[in-house]
Amino acid sequence: MSAASKTATGNFFEDFHVGRVIHHATPRTVTSADAGLYTALTGSRFAVFSADSFAYNVGLPGAPLDDMLVFHMVFGRTVPDISLNAVANLGYAGGRFHKPVYPGDTLTATSEVIGIKENSNGRTGVVYVRSEGRNQDNERVLDYVRWVMVNKRDPASPAPETVVPELPEAVGADRLHLPPGLDAARYDTALAGSPHVWEDYAVGERIDHVDGMTIEDAEHQMATRLYQNTARVHFDGHAQKDHRFGKRIVYGGHVISLARALSFNGLANAFKVVAINGGQHTNPVFGGDTLYAWSEVVNKEEELGRPDVGSVRLRTVATKDHPCADFPDTGDDGKAHPAKVLDFDYTVLMPRRA
Amino acid sequence: MSAASKTATGNFFEDFHVGRVIHHATPRTVTSADAGLYTALTGSRFAVFSADSFAYNVGLPGAPLDDMLVFHMVFGRTVPDISLNAVANLGYAGGRFHKPVYPGDTLTATSEVIGIKENSNGRTGVVYVRSEGRNQDNERVLDYVRWVMVNKRDPASPAPETVVPELPEAVGADRLHLPPGLDAARYDTALAGSPHVWEDYAVGERIDHVDGMTIEDAEHQMATRLYQNTARVHFDGHAQKDHRFGKRIVYGGHVISLARALSFNGLANAFKVVAINGGQHTNPVFGGDTLYAWSEVVNKEEELGRPDVGSVRLRTVATKDHPCADFPDTGDDGKAHPAKVLDFDYTVLMPRRA
Amino acid sequence: MSAASKTATGNFFEDFHVGRVIHHATPRTVTSADAGLYTALTGSRFAVFSADSFAYNVGLPGAPLDDMLVFHMVFGRTVPDISLNAVANLGYAGGRFHKPVYPGDTLTATSEVIGIKENSNGRTGVVYVRSEGRNQDNERVLDYVRWVMVNKRDPASPAPETVVPELPEAVGADRLHLPPGLDAARYDTALAGSPHVWEDYAVGERIDHVDGMTIEDAEHQMATRLYQNTARVHFDGHAQKDHRFGKRIVYGGHVISLARALSFNGLANAFKVVAINGGQHTNPVFGGDTLYAWSEVVNKEEELGRPDVGSVRLRTVATKDHPCADFPDTGDDGKAHPAKVLDFDYTVLMPRRA
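Residue numbers (our numbering), protein chains in the order written: chain Z, 8 to 361; chain U, 8 to 361; chain W, 8 to 361.
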């Protein structure tokens, strides 16, 4: 066995076929250290994740890990198998959070290939995977679809039969998983930081989150390593000098987390992410960039069958070096505002007025 | 309800009146992650906070969180309500540490307005608040007075009646709260890192702490986010470009923590801060600055009514890019040495010679 | 007692004599925060340290702290006494890991001077110490020899009698300490991230670890402070401006940790470091440098007296700003490749094929 074969090179387009299931390596016990570092790296303030007492009051056994932290932990496990040779991370769909994750839980991840399509250039193709994370009791904590553009190992290899999965535009209210035991009747809005509850948000309403956050290379590297995400573009500044942007690129998930943390100012009671409907990284982000964000209320489900909480579908847009008082967006021509870096479509729970 | 109103703008001078009590948002369960990050961000080495075994030996149930970490956690909660529109943080007085804080405790904070005074320019005013932090058992862990200069929302609004609280120059020995169970008879000075105990320090003595610590932007941002302190000047490098200093300003509390950590070299047995008598941030600190520190023994209380520990009132001065062998200070003309960034007046416990 | 004497100046060459035992200060309770920060700072992915479940499966009571994290914690305690006045860290030998360290353990360290030799210039000398770390039950967790070049306080002081200890070239298989309870029969290579086990590695084989990692000043400072290592060259950017390299130097141990983390890609099943045979830091590393690494299989012990694991002696070489496809090394003339920063000789355990 040669030395070269000891080093993992990741999967190429030819290595994926519909139905292939990949059990990802590196199980991960998550701890209060992950929660603390997440706070230090993002500044998140959502009360359910910040205090055990607040979590008890809404029926949970303690403060769970932030939903997006769970997403990054699961996503991180999939990188060596799914996206080490990815040219681009094209999209997300149908993401749902299931059982909350608590300090001490151990997460593992698997992915199933659910679609494949070679590009007309013959050098790359698109791979669709449904990835899921499970805890030590084999309970599902998260599943989501993502699709990535992957290099072929050999441009001459024949194209596989195209399979494009049908993907939901958004996760319907009937498919959401709410945390077992959740009861928001005693949710304390004053302690959470805002009087605005589910009834106060109108479909179409836009909120400028005002605050800005400058990203340092040390910060996004620490976050991305915490998730054991190994994509080289985030870490290898020497090699990046010869690439397109000339520098390290911030992990898109860190941008999502910062946008979510910034959204606290205006959405403090959006206390739990329950679905990821979609997301595009419209421009790369680099160390030294300052992120801003605004959100739009896309939809509100009248009925989750309960009086304590309602769901809100949000779209949070992040920009770099451009405050969001003018709500920079993608135009009707499909061209994103040059400062726009993220368009994230997700569903949150908010307490309802008693 | 309009979108604009969803975003918190903080309180302006007109929003404060004497007697107003504010229950601050975002309860915070502190964990060993906070302690670990505090060590990583400051390099603190005081033995009581570093090792459970050392804490047991002085009668505590385990290593508590560093006093200044507790201060920052409580202070962080107050920022969105007290100092989001602050022009300047003018001073601290009468700060006392009560019940020690242990990993797993959940902290909440409240503030009461105890003084108010409009400035003659009619555009700003000074607000005095007594803030306190409590744990999940409603036990007080810290209280302190601070006063800030806050913008008026409308310069035309009438001035309130001036109330300036009487503040102690320092917290007297009879008002100090020592940790329940504390017994320093078995305090191990060798393990703590210095043979110098209470008896060895003389009033007026000055100590150059020698070591220097360069601050990176990633570090002060992580520290300040860990405390969920949201003051924008620490994070928004893009907006700061157009402001007075052209760059992000380091949270003054991080400067205090670094000065305290540097003071270990010369004050290793100043094992517990029991009071904050006062403090001024005499110059702003920026990423890239190197901090140095020196201390002066201001006072020693002969009697705490016990043979194991004595209290020492200290003044620790921090400078930037200027080692402290010459003890740079504020002159008789009231002008601070240009390199001086902090003048912190506090009271510590030290073990007494048996 | 004068103020000057309060500040620790560290030991000079004259302060060491063979047989002197130093009990180092600052006991340290290690927690999951240390493990989490180590992951965030290095990106380590070795499964035994990443997941409790994986550790249970190989007979351990939970995920221990990474071996190199334990090394840094013990090493950090020794710095104020051994190497504060060191000119150079010359080498390591005979390092062995004993009892694994778990979150909650409290570490203390002692060193015994085992050799001493004044240099011919009369201004410096070499001091050999055997340092060891113990846990709260007084069980040894690590011991190792290192030798450092230390300044004399007074060049005129007489040279001591030279004592140079006999040091092993490598730790023999019969002297290795394996973790109590270890049973790798159920070691899951898929979950660990590589199919390559002990049998697959050949003596003389070289592995390019491919990936690169850029080091930020904030990162190495946080790592080094986490270990409470106080060597000034890592932190004081202002003073370093006037020194040889003009900037802060990365703690060599952080370089070792990054090289070990990079080696995962090719050595994923080298799941436990059991010995440190030697190591040289052949060039300084600075913030902004990008590390790469390659390894060579130096030796394989056929017999540890058990069928589940075998030991492999490795040499991992790290470079800066130079990918390792060409295996840059020290030439026959004894001159290290200019990009080479580390040559680390250590012994690992790998699972054997059933």
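Careful, some of the hints might be misleading.
Each pair may be met inside one copy or between any two copies, as identical chains are not told apart.
Restricting the straight-line Cα-Cα distance to at most 20 angstroms, the calculated cross-link-like pairs of lysine to aspartate or glutamate (DMTMM-like) are [as the list claims (entries may be wrong)]:
id: 1; residue 1: 159; residue 2: 144
id: 2; residue 1: 248; residue 2: 328
id: 3; residue 1: 254; residue 2: 328
id: 4; residue 1: 106; residue 2: 176
id: 5; residue 1: 254; residue 2: 315
id: 6; residue 1: 342; residue 2: 181
FYI, nobody ran anything at the bench for these hints, they're computed from the structure.
Report the numbers of all earlier hints that the structure fails to satisfy, in ascending order.
1, 4, 5 and 6
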